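Chains as they are written, first to last, in the working numbering: chain A, 1 to 153; chain B, 1001 to 1153; chain C, 2001 to 2083; chain D, 3001 to 3083.
Bear in mind the hints are in silico, worked out from the structure with no lab data behind them. Computed from a prediction, not measured in an experiment: that's the story for all the values here. Treat the hints loosely; a few may be bogus.
Think about it this way: if two alpha-carbon atoms lie no more than 25 Å apart in a straight line, the pair counts; the simulated SDA-like pairs of lysine to any residue are [to be verified]:
hint	chain 1	residue 1	chain 2	residue 2
1	B	Lys1021	B	His1103
2	C	Lys2012	A	Val7
3	B	Lys1131	A	Ser102
4	B	Lys1126	B	His1103
5	B	Lys1142	D	Gln3072
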Amino acid sequence: MAIVPSVRVQADDFNPEAEIKKLTAGRSDVGGVVTFTGYCRDEGGRLEALELEHFPGMAEAEIGRIAQEAANRWPLTGLSVIHRFGKIRPGEQIVFVAAASSHRRAAFEASDFLMDFLKTRAPFWKKEHLKEGGTGSWVEAKSADDADAARWQ
Amino acid sequence: MAIVPSVRVQADDFNPEAEIKKLTAGRSDVGGVVTFTGYCRDEGGRLEALELEHFPGMAEAEIGRIAQEAANRWPLTGLSVIHRFGKIRPGEQIVFVAAASSHRRAAFEASDFLMDFLKTRAPFWKKEHLKEGGTGSWVEAKSADDADAARWQ
Amino acid sequence: MKIRYFAWVREKVGVEEETLELPADVTTVKDLIAHLKTLDDNHALALADEEVIRVALDQMHVEPHEPLGNTQEVALFPPMTGG
Amino acid sequence: MKIRYFAWVREKVGVEEETLELPADVTTVKDLIAHLKTLDDNHALALADEEVIRVALDQMHVEPHEPLGNTQEVALFPPMTGG
């Protein structure tokens, strides 16, 4: 039976190690855990911060749907997703995915899949705050992200 | 220019969080970090421990060659590999890979590649210690691992 | 029907949300967008490039041909850039 | 030449390493394995299934047709199961 993923959408920072522990503590059936942590870059020094707007309620629901699809598709023993919103500065964590499985390929594929669909389906939008010139523009969606997501069909 | 990977072969346990921090602390050009942590499973309760034998010197050298190939092949900002040897009990960590990049796909592919080649080229061998019946047999190499490694050619 | 806007669609429309009475012939997402564009210049500008506007009915992504049915809340927004 | 064994190859041969004088006609990895199999039953048993024996010359993986050349140390072992 597919596991029930853990999904959190929050303004606060998070601790990857604590999340990994939740998937492995007291267990001896987990063969591997793959994590992805996404960070705010300063874009060559241009950026003071990213402002992440989200659609409360739908963000949790949509990530939940994507995570459940991953849990149905791969034999996972655990799956956690965290996505932050609000103002995030360069070097800070934005997003986290951890997939645990007894099979390493399942853990890699599930976390890769999750990130591709978070990028294209989770209702979040990034606005740039610049070091010089105040509020910049909204980050544009990349066609490369659509291409990445299309790999799984 | 390709980065120089960090490679450690050790009996001691390790802390994934500390390794991730080494790749990200004080930096604002890292977009994402992918980690893989491999654990000792108890194989349905059969296993008391795994004994990992390795070829000292060659283990470090071969992992270094695989890691350097990954660093040449993908645009990484950092790459760490740790592989333990000696007696490891169910639930304990065996192996760790962390790949940092400004591009998430590069981080995923490099860590996936690294694990495939660690499995098939790093000189380590696992022997099972059973709960009932003392020392069991050597773990056999899986043809699935060879197939995984062949994907990258 | 409650309409919500996000990101630059919200900025261009000038409100976060609004509740509208819809004409009877507005039955699909596509009809709704066409109707909203007639309201004023802000709506027309925000929704000018229909190709890029994404739509959720009651927090589920849908395509433009989808009927509105019993939808309580429609959200309109640009392509997402999370992750 | 120094020969090292690992895992079940080591267990079957019965020693971790040994230093041998090789006959002049032993020039490749394949020749070496054939020669080792003539030494005694333990070596013959350990190396019986040549298909699965992996070889490193001075800590580099090589194929059986590889010449020994100036190799200082040969290692023989089963397929690896790390990771």
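Hints, one by one, checked against the model:
1. Lys1021/B to His1103/B: The given pair, whose Cα atoms are some 18 Å apart, holds under the 25 Å limit.
2. Lys2012/C to Val7/A: violated (31 Å)
3. Lys1131/B to Ser102/A: Roughly 20 Å between the alpha carbons, so the hint for Lys1131/B and Ser102/A holds.
4. Lys1126/B to His1103/B: Violated, at about 34 Å.
5. Lys1142/B to Gln3072/D: With a Cα-Cα distance of about 31 Å, the restraint between Lys1142/B and Gln3072/D is violated, given a limit of 25 Å.
Hints 2, 4 and 5, counting from the list given before, are not met by this structure.
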